[in-house]
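A.B. asks: Sequence:
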Amino acid sequence: MTGGVVVILGLTGRNFAAGMSGGIAYVYDLDGSFKPKVNPESVELLPLEIEKDVLLVKELLADFIEKTGSKVAKELLDNWAEAQGKFVKVFPYEYQKALKDMAEQQAVEQPLKSAIENGNGKHEPHIKDIEEAIQDVVLEQKRADRVLDKTRGFVKYKRESAPYRDAGERQKDWDEVYNFPHVRKNLKVQAARCMECGVPFCQSNSTGCPLGNIIPKWNDLVFHGEWQEALRQLLQTNNFPEFTGRVCPSPCEGSCVLGISEPAVTIKNIECAIIDHAFEQGWIKPEIPEVRTGKRVAIVGSGPSGLAASQQLNRAGHFVTVFERNDRVGGLLQYGIPTMKLSKEVVKRRVDLMADEGIEFRTNVHVGKDLKAEQLLQEYDAVLLTTGSTWPRDLPLANRDLKGIHFAMEFLEAQQKKQLGGKNDIISAAGKNVIIIGGGDTGCDCIATSLRQGAKSITTFEILPEPPQKRAQDNPWPQWPKVFRVDYGHEEVKLKWGKDPRQYCTTTKEFVGENGAIKGVNTVEVEWTKTETGQWRMQEVAGSEKYFPADLILLAMGFLGPEKTVPSELGLELDPRGNIKASNGQYGTSNSKVFAAGDCRRGQSLVVWAITEGRQAARQVDSYLTGRPSGLPGPGGVIATS
Numbered sequence: 001m002t003g004g005v006v007v008i009l010g011l012t013g014r015n016f017a018a019g020m021s022g023g024i025a026y027v028y029d030l031d032g033s034f035k036p037k038v039n040p041e042s043v044e045l046l047p048l049e050i051e052k053d054v055l056l057v058k059e060l061l062a063d064f065i066e067k068t069g070s071k072v073a074k075e076l077l078d079n080w081a082e083a084q085g086k087f088v089k090v091f092p093y094e095y096q097k098a099l100k101d102m103a104e105q106q107a108v109e110q111p112l113k114s115a116i117e118n119g120n121g122k123h124e125p126h127i128k129d130i131e132e133a134i135q136d137v138v139l140e141q142k143r144a145d146r147v148l149d150k151t152r153g154f155v156k157y158k159r160e161s162a163p164y165r166d167a168g169e170r171q172k173d174w175d176e177v178y179n180f181p182h183v184r185k186n187l188k189v190q191a192a193r194c195m196e197c198g199v200p201f202c203q204s205n206s207t208g209c210p211l212g213n214i215i216p217k218w219n220d221l222v223f224h225g226e227w228q229e230a231l232r233q234l235l236q237t238n239n240f241p242e243f244t245g246r247v248c249p250s251p252c253e254g255s256c257v258l259g260i261s262e263p264a265v266t267i268k269n270i271e272c273a274i275i276d277h278a279f280e281q282g283w284i285k286p287e288i289p290e291v292r293t294g295k296r297v298a299i300v301g302s303g304p305s306g307l308a309a310s311q312q313l314n315r316a317g318h319f320v321t322v323f324e325r326n327d328r329v330g331g332l333l334q335y336g337i338p339t340m341k342l343s344k345e346v347v348k349r350r351v352d353l354m355a356d357e358g359i360e361f362r363t364n365v366h367v368g369k370d371l372k373a374e375q376l377l378q379e380y381d382a383v384l385l386t387t388g389s390t391w392p393r394d395l396p397l398a399n400r401d402l403k404g405i406h407f408a409m410e411f412l413e414a415q416q417k418k419q420l421g422g423k424n425d426i427i428s429a430a431g432k433n434v435i436i437i438g439g440g441d442t443g444c445d446c447i448a449t450s451l452r453q454g455a456k457s458i459t460t461f462e463i464l465p466e467p468p469q470k471r472a473q474d475n476p477w478p479q480w481p482k483v484f485r486v487d488y489g490h491e492e493v494k495l496k497w498g499k500d501p502r503q504y505c506t507t508t509k510e511f512v513g514e515n516g517a518i519k520g521v522n523t524v525e526v527e528w529t530k531t532e533t534g535q536w537r538m539q540e541v542a543g544s545e546k547y548f549p550a551d552l553i554l555l556a557m558g559f560l561g562p563e564k565t566v567p568s569e570l571g572l573e574l575d576p577r578g579n580i581k582a583s584n585g586q587y588g589t590s591n592s593k594v595f596a597a598g599d600c601r602r603g604q605s606l607v608v609w610a611i612t613e614g615r616q617a618a619r620q621v622d623s624y625l626t627g628r629p630s631g632l633p634g635p636g637g638v639i640a641t642s
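Start counting the sequence shown at 1; every next residue gets the next number (our numbering).
In case anyone wonders, no lab produced these hints; they're calculated from the structure.
Treat each hint with caution, since some may be false.
Straight-line alpha carbon distances no greater than 16 Å define the calculated EDC-like cross-link-like pairs of lysine to aspartate or glutamate that follow [to be verified]:
id, residue 1, residue 2
1, K496, E169
2, K546, E462
3, K158, E262
Pairwise CB distance ranges (calculated) [claimed, not checked]:
id, residue 1, residue 2, range
4, L495, P286, 12 to 22 Å
5, S583, D166, 45 to 55 Å
6, G85, R349, 32 to 42 Å
7, D166, P40, 52 to 62 Å
8, W480, P47, 29 to 39 Å
9, D173, Q228, 50 to 60 Å
10, L11, G69, 20 to 30 Å
11, K494, A517, 21 to 31 Å
By construction, the Cβ of each residue, glycine as well, lies at the ideal position given by its N, Cα and C atoms.
Using the sequences and the hints, build the whole thing.
C.D. replies: Written out as structure tokens, the structure is:
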């Protein structure tokens with residue numbers, strides 16, 4: 001036995017505790033035969049007298065009764081005054097020494113703790129919330145071992161269900177919606193819920209985290225207060241946990257083994273807390289490569305995929321230049337995701353760090369327009385396209401050209417630029433009846449932005465039926481759970497107007513105008529039925545026509561693929577979906593010098609997938625440039641040795 005706590009109610013064998021170097025055992029010695037069987041050189045035998053020991057044993061017995069119906073345990077609790085005197089606490093000498101050494105070391109380090117923790121970071125008031133979570137080492141260990149039960153935490157503790165600030169307050173500002181202080185105060189309890197399952201599906205890049213994040217490992221490290229090691233484990237696989245910890249829909253939680261029977265572990269919150277704490281403590285510093293290869297790489301597009309690839313290639317020693325057609329670096333992170341979900345200070349902090357590492361960012365350069373793509377082939381040793389999937393799906397109905405109909409990204413980008421001090425005009429929802437066609441994250445972002453701009457009403461149309469509260473039979477674990485969710489924008493609208501903004505099974509038939517501007521939309525309900533072959537079929541419901549007044553229509557129906565200018569100029573092949581064609585699982589294009597990653601290759605997807613694609617494309621580019629297997633890490637942080 002090397003750790004943990006155990007209560008033994010039956011007989012033990014001879015030479016008990018001979019190999020026991022850690023943990024504590026409480027043995028019920030009914031007939032006094034236990035003590036002679038113990039190896040006295042390795043453990044000390046103590047009576048069960050200390051109050052916290054007594055409470056712990058009683059709690060364990062109560063849990064044992066609840067789960068097994070043990071008559072022996074029940075009898076002991078019913079006659080506790082007599083039973084307590086027959087319990088023996090087995091306390092290994094090695095464990096006692098380790099605790100004593102830790103206490104002495106802590107006593108020496110305590111006066112310097114604030115300087116060590118905060119000396120390299122900026123002093124910010126909310127840092128205290130994390131400080132509370134990583135107090136005295138010895139007390140923290142005792143809390144983990146005795147007060148918080150890591151072994152059975154997944155049974156004893158409930159999922160924290162309040163990650164957002166109060167909806168009534170947050171809808172008045174443009175700040176991030178997350179309730180960081182509340183999340184952090186409960187972080188250890190949530191980390192204790194990670195059950196350390198034998199096969200952690202959460203880190204599987206097929207159904208769980210595309211990055212292969214080593215989730216159980218850093219959950220356990222956070223539980224034990226080992227924040228710097230947790231950070232090291234996290235950064236092995238993820239370049240930007242501050243992004244995924246805020247905007248990722250968490251496929252890892254959808255495939256969490258605990259999710260089979262209970263709400264999943266709050267993996268996303270723990271991930272975000274690790275990286276935010278690291279920045280606050282000054283642990284994140286530029287990683288400048290010691291050796292340069294002399295090779296030059298051009299990356300077109302500075303979204304999450306381009307940023308991940310640029311950082312990896314820079315670490316491999318190559319000179320990297322990132323071209324961005326907009327005025328700021330970040331792509332989707334900068335202008336596609338509102339500040340309520342991702343503060344632009346968080347994006348800038350990372351971009352500045354990468355610039356300090358030696359990556360060159362060239363903004364306001366539209367490759368294919370301001371700069372010919374062919375010129376990149378002449379000036380650089382390799383070109384990586386990470387332009388994203390930016391061609392929006394349109395709705396070509398009658399009167400589509402009416403004033404007041406806009407693509408969702410056009411609306412969101414204008415608002416973000418204005419907030420950042422731009423002189424541009426916004427597409428204002430103030431005082432208007434807003435209709436958003438399409439759901440998903442982008443639709444929800446449009447809801448929240450319209451609300452903060454002062455919309456008169458907000459309605460969203462979703463063509464699919466309302467999802468079930470729990471998984472359907474054809475949506476088993478560990479697949480992504482297609483269940484009903486209330487995101488931040490939905491909650492805010494419901495609070496303000498008393499109902500959820502979503503209209504399900506609704507399709508738009510016609511835009512209605514007046515004097516050249518949108519006035520409303522005609523819709524019809526649809527129903528979905530399954531054919532004999534298992535295919536879903538949509539049919540309009542007769543007599544369900546309805547008119548909705550509208551002054552602003554936002555189209556949030558996804559994207560069809562990348563813009564074609566650059567691929568066409570470089571003569572690249574496209575796949576049947578219009579994405580840049582690359583071999584399955586590979587990133588090389590029909591031009592051996594050109595590579596593609598992210599949504600422009602994969603199709604529209606998640607930020608976490610974009611980072612994954614950028615990291616793995618960097619490996620292939622690195623191999624191409626060096627002529628040997630890349631030393632950059634693969635999925636799950638694994639580095640090939642041959």
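A.B. asks: Would you mind confirming whether the straight-line C-alpha gap from K546 to E462 stays at or under 16 Å?
C.D. replies: holds, 15 Å
A.B. asks: Given the hint of 21 to 31 Å, is the C-beta distance from K494 to A517 inside that range or not?
C.D. replies: holds, 29 Å
A.B. asks: 52 to 62 Å was suggested as the range; check whether the CB atoms of D166 and P40 agree with it.
C.D. replies: At roughly 59 Å between Cβ atoms, P40 and D166 fall inside 52 to 62 Å, so the hint holds.
A.B. asks: Is 29 to 39 Å a correct range for the gap between the Cβ atoms of W480 and P47?
C.D. replies: With a Cβ separation near 54 Å, W480 and P47 fall outside 29 to 39 Å, so the hint is violated.
A.B. asks: At the C-beta level, are L11 and G69 separated by a distance inside 20 to 30 Å?
C.D. replies: Check passed, 21 Å falls within 20 to 30 Å.
A.B. asks: Holds or violated: K158 and E262, Cα atoms, limit 16 Å.
C.D. replies: holds, 9 Å
A.B. asks: A range of 50 to 60 Å was offered for this pair. Does it hold for the Cβ distance of D173 and Q228?
C.D. replies: Between D173 and Q228, where Cβ atoms are some 33 Å apart, the hint is violated.
A.B. asks: Indicate whether the distance between the beta carbons of S583 and D166 respects the range 45 to 55 Å.
C.D. replies: holds, 50 Å
A.B. asks: For K496 and E169, compute the direct alpha-carbon distance and say whether it is at most 16 Å.
C.D. replies: Holds, at roughly 11 Å.
A.B. asks: CB of L495 to CB of P286, is that within 12 to 22 Å?
C.D. replies: For L495 and P286 the Cβ distance comes to about 43 Å; the hint is violated.
A.B. asks: So the hint says 32 to 42 Å: do the beta-carbon atoms of G85 and R349 match that?
C.D. replies: violated, 60 Å
Checked against the numbered hints above, the structure violates hints 4, 6, 8, 9; every other hint is satisfied.
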